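**Student:** What follows is the residue order along each chain.
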Amino acid sequence: MDYTLREMMAIMAAREIHDGDIVFCGTGISMVAAMAAKHISAPQSIIFFETGAIDSKLEEIPMAVSDSRVMYGAASNGGLLDAFATMQNRITGDHVIGILGAAQVDKYGNLNSTCIGDYSNPRTRFSGSGGACDVASFVPRCIIFMQHEKRKFPVKVDYLTSPGYLDGPKGRENAGLMPGGPTAVITNMGVMRFDNTTKEMYLAGYYPGITPRKILDNMEFSVDISKATEVPPPTTKELNILREKCDPQRLLL
Amino acid sequence: MGTGAEKLMALDEAIKKYVKDGCHLSIGGFTLNRNPMAAVYEIIRQRKKRLHCYAHSNGTGIDELIGAGCVSRLDIAYGGNGKAAPTCIRFRAAVQQGKIQIEDYSNYHMSLRFHAGAMGLPFIVTRSGMGTDIVNRWGYSREMRSKDPKIPCKKLEIIDNPFEDWCGASKVVLLPAINPDVTIIHVQKADKFGTCRIEGLTFCDADQVKAAKNVIITCEEIVDTEELRKKPEYNQIPFIHVSAVVHVPFGAYPSACYNYYDYDPQYLNQVSKFAKDDTLYNDYLDRFVYGAKSHQGFLDMMGTDRLANLKADKKTGYAVDLDRR
Chain A
1 MDYTLREMMA
11 IMAAREIHDG
21 DIVFCGTGIS
31 MVAAMAAKHI
41 SAPQSIIFFE
51 TGAIDSKLEE
61 IPMAVSDSRV
71 MYGAASNGGL
81 LDAFATMQNR
91 ITGDHVIGIL
101 GAAQVDKYGN
111 LNSTCIGDYS
121 NPRTRFSGSG
131 GACDVASFVP
141 RCIIFMQHEK
151 RKFPVKVDYL
161 TSPGYLDGPK
171 GRENAGLMPG
181 GPTAVITNMG
191 VMRFDNTTKE
201 MYLAGYYPGI
211 TPRKILDNME
221 FSVDISKATE
231 VPPPTTKELN
241 ILREKCDPQR
251 LLL
Chain B
1 MGTGAEKLMA
11 LDEAIKKYVK
21 DGCHLSIGGF
31 TLNRNPMAAV
41 YEIIRQRKKR
51 LHCYAHSNGT
61 GIDELIGAGC
71 VSRLDIAYGG
81 NGKAAPTCIR
91 FRAAVQQGKI
101 QIEDYSNYHM
111 SLRFHAGAMG
121 LPFIVTRSGM
131 GTDIVNRWGY
141 SREMRSKDPK
151 IPCKKLEIID
161 NPFEDWCGAS
171 KVVLLPAINP
181 DVTIIHVQKA
191 DKFGTCRIEG
201 LTFCDADQVK
211 AAKNVIITCE
221 EIVDTEELRK
231 KPEYNQIPFI
241 HVSAVVHVPF
251 GAYPSACYNY
261 YDYDPQYLNQ
271 VSKFAKDDTL
281 YNDYLDRFVY
291 GAKSHQGFLD
301 MMGTDRLANL
311 KADKKTGYAV
321 DLDRR
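These protein sequences, in sequence, are chains A and B.
With the working numbering, the residue at position 203 of the first sequence is 203, and numbering never jumps.
With the working numbering, the residue at position 139 of the second sequence is 139, and numbering never jumps.
Treat the hints as calculated values from the structure; they're not laboratory data.
No experiment lies behind these values; they were computed from the predicted model shown.
Beta carbons are placed, not taken as given, at the ideal position from N, Cα and C, and that holds for glycine.
Check the hints yourself; a few may be wrong.
What the hints assert, rightly or not - Straight line, CA to CA, 25 Å or less: simulated BS3-like cross-link-like pairs of lysine-lysine: (1) B:LYS20 <-> B:LYS99; (2) B:LYS311 <-> A:LYS57; (3) A:LYS245 <-> B:LYS99.
Stated by the list, open to error - Here are some of the chain B residues that sit facing chain A, going by a computed Cβ distance under 8 Å: (4) LEU32; (5) GLY79; (6) SER106; (7) ASP262.
Go ahead and model the full structure; you've got the sequences and the hints to work with.
**Tutor:** Right under this line is the structure:
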C-alpha cells in the first residue's frame, strides 16, 4: 500500500507510545500520531494538552491545543497550571511521553523553536517555547519530530529553547533538571535515538528507499550509523486506521 | 479590583477608561480560542500606543495588537496561531525588525508569573528551564530593568534548593510575578457586577484577572445574578476582581468561544495572507478594524450567514464538520 512520508512519521511516533502512557500532544502531526497510537496499539493511552484538557474525545482533529475540539468529552477541562503541574509532579509526570517539534535539534537532542541567528537580532523568529521547554524539562521520555535537512541538524542550536541532554551524560543533573531527555527523533527519512552512555544521537532506522548515507548528507553533525536497520513500512491496517479514524478530513496528513 | 456596584459599560468607554498609552496589559484566551477580540479591535481603533503586553500564547489577539503598532514590549511564551500561522506573522516581522522588545519565557513560566501576581507573591518557583537559553539570554537588559520601576530587576533567578535535596531537587528557578495594570478576558456568561462563568478550558484567565489592578470582562451573555448563584461552584471569577463588564456577543470572533461558536478558519487564513505584506495589512486594518467603527459593524461586514455557519453544535461545543482547510 502506498503511503506518504508524513503518514510514515505519524506511524513511527505512534509505535513509540505504550499502553497506559499519558501523551502530551502539541499541534499538527503529533496529534495524529497520538490518535493513531490510541486506535492501533495503545488503547489505554491518554492524550492530554498543555491548555488543561485531559483524555479528550477528539471526534475531530483539533487545529490548535486550544481548539474547542480538545474540550469536548474530556475528563476535565482545567487550565495551564493544571497541565504543567501534571508533568512537573513525579507521580503523574513519570508516565508522560512528550511529542515535540522544533526548527533545530543538536546531537544531544536540545531543541530550538525560538530563532535563527542571534537572539537579540534574529534573522528568523519562530513561535518560541510555548510549553515545549516545560515538557522537555519535566518528562522522562520525549519524541521529537523533525524534517531531515542540514540546517535543522546543526552542531550547535542557535537558541536552546527546550533541554535535551544539554552538554552530555551529566548535563541535566548538573543544571538541576530532572532525569529525562528525548528518546527518539523521527524525521522524514528515519529514526534516531540516543546512546545510553554518551547521550549522543545515533541512527537507529532508515525508511525503505532511504540510505544511511543520504541521512548523513542531510545533517551538519555526524552520527553513528552502524546500528541502523531498515524500518518496516506502515502496515495496511495502520494506514487504514490513520486515514479513516484519525484524520478523515485530511487536515494534517 | 471592583466593588459591588453595577459595572455595565460600553466597550469604547471601558477601553478609554482603563487602557492607557504605555500601560501593562494582559489578555485572556489561548491561540485561537476565547481571545477578547472585540476589545483588541477597539484598542486598535483608539490607537493605543507603547503597551507592555504579557502573554502565554494569545495568538489571535496579540498579533493584531502588534500589527497595528500598539505594542512596544512583550513578555511571551508562544507567538503562534494554529495552522493559519504557525508563527504569528506580524509578531515575527516586529521581532525581526526590532520594532518591539521581547522577553521569552515558557507557557508554564508565564502562567506561574500570573499566579504569583494573583497570590501577591514577589516570585514563584518552578523546575522548568534550567540549562536553556530562556534562562541564559535576556531580552530586556539589566540597565533597562534598573531604570523602569514597573519591571523586575531580573528576568529570573536560579537558586540552590534551600531545603537541601527535598523532593529530589538540587536547584529551582524563581520567576518574578506579573501584576498588569489591566487584564481583559472574554467569557461566556457574566452578571452585571462581574461574576463570571467560563465554559470549557479556563486557560490562565482567572489568575490573569486576579493579578490585575483593573479588569474588563467582555461576555456573550449577561446573566441574572440569581441564575449564576444557583451554581456558584461553576463560577471562576467573583465580582470583587472586576472593574467593567461589557456585553459583546461574538466578542471573541474570529477566535472561538466554546459552546457558542467556532473560530473562523477563512478569516484567520485571510489575515495571515494580508499580514505577510505591510501594505496589504494596513489596508486590512483600514477596512476591517478602523473602517468597522465598532465590533457590531465588523460582524455586520462578515454577515449573518457566515457567523451562523460557525455556530457551535449543542452536544460538542464546536461547529461539527466546519470547513477548516
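**Student:** Hint by hint, where does the structure go against what was stated? Just the numbers, ascending.
**Tutor:** 3
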